[in-house]
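Chains as they are written, first to last, in my numbering: chain A, 1 to 314; chain B, 1 to 277.
It is worth saying that the hints were derived from the structure and are not from the lab.
Possibly wrong hints are sitting among the right ones.
Some chain A residues near chain B, calculated using beta-carbon distances under 8 angstroms [said to hold, decoys possible]: (1) P57; (2) L121; (3) T123; (4) L143.
Glycine included, C-beta positions come from ideal geometry on N, C-alpha and C.
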Amino acid sequence: MQSDEGEIGRLMRENVAWATAPDPAGSVRRATTEPPWAQALLVGGAIAFLGLFLFVPLFAVFGEALRKGIGAYAEAITQPEARSAIKLTLLTAAVVVPLNLVFGLAAAWLITRFEFRGKNLLTTLIDLPFAVSPVIAGMIYVLMFGSQGWFGEWLGAHHIRIIFAVPGIILATTFVTFPFIARELIPLMEAAGTDEEEAALTLGASGWQMFFRVTLPNVKWGLLYGLVICNARAMGEFGAVSVVSGHIRGLTNTMPLYVEILYNDYQFAASFAVASLLTLLALLTLAAKSVLGRRVARPSSEQPRPERSGKLAA
Amino acid sequence: MKERSRGPNILPGFGLTMGYTIVYLSLIALIPLSTLVLKTTGMGWERFWQVVASPRVIATYRLSIGASLAGALLNSVFGMLVAWTLVRYRFFGRAIVDALVDLPFALPTSVAGITLTAVYSTNGWIGRLLAPAGIKVAFTPLGVIVALTFVGLPFVVRTVQPVLQELEPELEEAAATLGASRLQTFRRVIGPVLLPALLTGFALAFARALGEYGSVVFISGNMPMRTEVVPLLIMTELEQFDYQAATAIALVMLLMSFGMLFLINLLQRWSAGRHAV
């Protein structure tokens, strides 16, 4: 055992040695990192955990999907029922994403550009779907539009179907995904400030001109990021849609629901084949996310804005 | 940015965006959610209590809360480890691992459910290895924990990671020059800084797990009193058209979720306050 002085002296020498060494990966270890064996152990532990819960299941999707060969795989995903599930999933996303895009822009503009009473409450309400179980998200529409629901009788009399039909699926998906774009835009619009928009207005731009030429370009990467995530969730929502769909084959099955139906029919390979398409979508989403995330993190690389740092100092 | 409120605001669109946001939120979320409350108040206190305190319902609360806690705890320990290795070390495939951490956000829960079931059943890739040791995962409460760990996995990593990234190296250097070992530095210097983020991540993972349906329904086996979680029981009641029972159970669950949301807000404010110093 060294004395305390000796220990401190050694640590200081190491630090100085590191600080003056031209190569940080040199032979002397920095005092603020772990020995190589500990690093290997920690990385190994992290990878083992992720392996058990992420990597092995990820590979298993494709392994199970191709278990009966590529022919069976191709057949499973081109079945008429599979095709109608893919179509309904695309349709749902095509309706829900634009709806939530407009909402996200409106809510973000309202929250970042104006002061009003109840603003905090409104911001919290936007997070509401994160706190509500998907099953409850679907159920509230059944309570409203189902045969025993508030509008059930009226809808029945007019032969309008919402529950166990496509409108219900769209409503439930909209509920589950409405926060994503708004939440992505709010911090970005807050950070962008209002100077450029006010300048545009002063120079005679109309409100919409300002919006399309100043506001949107400033947040475009973040907006795209929000769109990608919203789209992934809209295509992948299972719990909420499961409650309102009624599982009518070829009519009200989205892809995640179709995966469940095939699985419960013991058509495992077909189920995993459809699941593998959704997994590919998820992987594409993650790739887009990580590319866009980097763009959002350094938006100033394109347009240097020295005036902002000046304003901060003032 | 607060100085903006002092002068007259020349920006247009207040009325338009306010009206649109309120109408949209009301139609999509507020009015539908209020049906849940109204439906429950219509059923009377006695019936409400009879439903939500029945042994089967209590068993589902116990499993949901217990398994969600276990999953969130697992995620706290290993999420911290993952965040640490991603921020501090350079290893082969780090960027891909970093991106894949978000997979549970992006993967549909039914896909996660069938996959975890396949992997952890007794003839699955991992279940096969556990079976000789007498450990059964699929169709047991352990399987529920596995599924809830999966869905909550990104939260702790993604709350701890940015804090760890912004941590000033000077703190650790000072600790090291004062003679602290790496473990001491971690326990006394780094740990306290990370704590609020860790707790936030834990609460988020717990809240997410509490409401989870898709990934659990396949792996749990859905045995009443044993492997049934709350969202699943709500679903069962709905399928039997017992809407009153479903709404009563759902209302209790909604209150729990709102409690969590409130707690998370407090934690985030605490975390932000600590961060600003």
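Given A:L143 as an interface hint, is the shortest Cβ-Cβ distance to chain B below 8 angstroms? Because about 4 angstroms separates A:L143 from the closest Cβ in chain B, which is inside the 8 angstroms limit, the hint holds.
Please verify that hint: A:P57, Cβ, nearest Cβ of chain B, below 8 angstroms or not.
Since the shortest Cβ distance to chain B is 4 angstroms, the answer is holds.
task: Please verify that hint: A:T123, Cβ, nearest Cβ of chain B, below 8 angstroms or not.
output: 10 angstroms, violated
*asked:* Checking hints one by one. Is A:L121 an interface residue toward chain B, by the C-beta closer than 8 angstroms rule?
replied: Result: violated, 11 angstroms to nearest chain B Cβ.
Of the hints listed earlier, those the structure fails to meet are numbers 2 and 3, in rising order.
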